[in-house]
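There are 2 protein chains.
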Amino acid sequence: MQELTVGQFDIIGNFFSFSIAAMGAATAFLWLNRSQVAPSYRAAVTISGLVCFIALYHYFRIYSSWTGAYEISSGALLATNARFNDAYRYVDWILTVPLLLVELILVMKLTKSETISKGVRLGLLAAAMIILGYPGEISQDAGTRWLWWSLAMIPFLWIVYDLFIGLKSSLSSQPEEVRSLVNAARWLVLVSWAFYAVVFTFPMIGFTGGAATTAVQVGYSIADVVAKAVFGILIYMIAVKKSAVEGYFDGVASPVARAVR
Amino acid sequence: MQELTVGQFDIIGNFFSFSIAAMGAATAFLWLNRSQVAPSYRAAVTISGLVCFIALYHYFRIYSSWTGAYEISSGALLATNARFNDAYRYVDWILTVPLLLVELILVMKLTKSETISKGVRLGLLAAAMIILGYPGEISQDAGTRWLWWSLAMIPFLWIVYDLFIGLKSSLSSQPEEVRSLVNAARWLVLVSWAFYAVVFTFPMIGFTGGAATTAVQVGYSIADVVAKAVFGILIYMIAVKKSAVEGYFDGVASPVARAVR
Chain A
5 MQELTVGQFD IIGNFFSFSI AAMGAATAFL WLNRSQVAPS YRAAVTISGL VCFIALYHYF
65 RIYSSWTGAY EISSGALLAT NARFNDAYRY VDWILTVPLL LVELILVMKL TKSETISKGV
125 RLGLLAAAMI ILGYPGEISQ DAGTRWLWWS LAMIPFLWIV YDLFIGLKSS LSSQPEEVRS
185 LVNAARWLVL VSWAFYAVVF TFPMIGFTGG AATTAVQVGY SIADVVAKAV FGILIYMIAV
245 KKSAVEGYFD GVASPVARAV R
Chain B
5 MQELTVGQFD IIGNFFSFSI AAMGAATAFL WLNRSQVAPS YRAAVTISGL VCFIALYHYF
65 RIYSSWTGAY EISSGALLAT NARFNDAYRY VDWILTVPLL LVELILVMKL TKSETISKGV
125 RLGLLAAAMI ILGYPGEISQ DAGTRWLWWS LAMIPFLWIV YDLFIGLKSS LSSQPEEVRS
185 LVNAARWLVL VSWAFYAVVF TFPMIGFTGG AATTAVQVGY SIADVVAKAV FGILIYMIAV
245 KKSAVEGYFD GVASPVARAV R
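Chains as they are written, first to last, in this note's numbering: chain A, 5 to 265; chain B, 5 to 265.
Only chain A is shown next, with the shape it has when bound in the complex (with noise of 0.2 Å):
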């Protein structure tokens, strides 16, 4: 592994645990609060928190294998025989992707068959992202980062694109009220989407050994914790307010809402 400080080693695990704390609360308020929108909401409430505990578990995961990898020896730092698993990520991403994507599709309440071909052409993109992503992601050389790195791009380009213009042009088929938060959601994929495909340049633009690996190890961590468990907070807030427009309140319908369901 590259020559990492003890300084480094602890503001890598300090974000992991971090990212542990932010999905654990993510998860546990957006299952909780599923109950406060309408029925036809709750599916992407409840996606939307599966998404957090899976990178919850997943955090575990790679905030122990950090520990295991190295240990502290007379104030040096010192590799261990196990090695920091990378896999985690990949792994974990491609399960949650396709699932964000399906939160967002589901909380627009498109019609049925726009929902599914969506969901399938938008999901299959994100795993050929990741998949492409990987042999870049474990290389140590620049040529083949950036080789995969733009081969990823091809998917990622196309699915922000499909989202961004996608939801502009289908705000305005979303009640008024939501309209700003729905865009909110638009920039925030926008801007964390981005921010992925940047951290994963850092080693190829200047970044070396440990502050490499901390640029990368910590701007994953924040990407995801915004992609995430903000983004999800942000589908819930959402569904809240259709809810209301539809006449559900805290998660009850209103007498009007009963009667023309």
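Take the hints with a grain of salt, since some may be wrong.
If chains are identical, the list can't say which one is meant, so a pair holds when it fits in one copy or spans any two.
For lysine to aspartate or glutamate, the following DMTMM-like pairs were computed, each having C-alpha atoms within a straight-line distance of at most 25 Å [what the hints assert, rightly or not]:
(1) K122 to D254
(2) K245 to E180
(3) K113 to D254
(4) K172 to E118
(5) K116 to D166
(6) K116 to E180
Rather than coming from a laboratory, the hints here were simulated on the basis of the structure.
Keeping the supplied structure of chain A fixed, place chain B upon it in accordance with the hints.
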């Protein structure tokens, strides 16, 4: 144990971790969403979650047993004194396979006598299949493996035939809206179950050493995720559609359903 490489050891460990995440996510999804289906389908959805929950437990054990069975020293993989325990899979299957059959029978909503006779018959056959497979699984001898494989194939073929043909003939009694999903469940059972039988034969048809171990462990992990988690989601989708046909939306009875209740 066979001469595994560090890469093969890592791949197998990562598949076990993936299975933990997938089974945990499916358990949470199914149990959180059981209230979204009509009350008469909740047992099927609860049991689908139970199957994934039992598998979740066993994959935790399998993962620990795996990582404890080897250590890396100067870049080479060495077997420790703790051996990898194959029995966890068989204990899992003896509990989950009969339950998998029950969840399928329950969601079909057959007559009571059919439900009981089919459940008992298929459950006993499934137990016989798994008990007959185990002596072969723990043997390194191809002849012994073929013997027990052939014996296990008798109840296996009986179950698959019974389900595949039985479900086909009961398709006509299912509402039209769910026929394609029930048909998908039929094929998923056929393909994923056949995959187990094929994975078992990998060490007998040319895979040797570390490649055989990798093919078997990765193969069983994929088969388990498909046959339990993906199958469970399919059962849930069938339950949602049948609930809607019966006038239940998001688990709530429509006024019409309430009137005929």
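Identify every previously stated hint that the structure contradicts and give their numbers, smallest first. none
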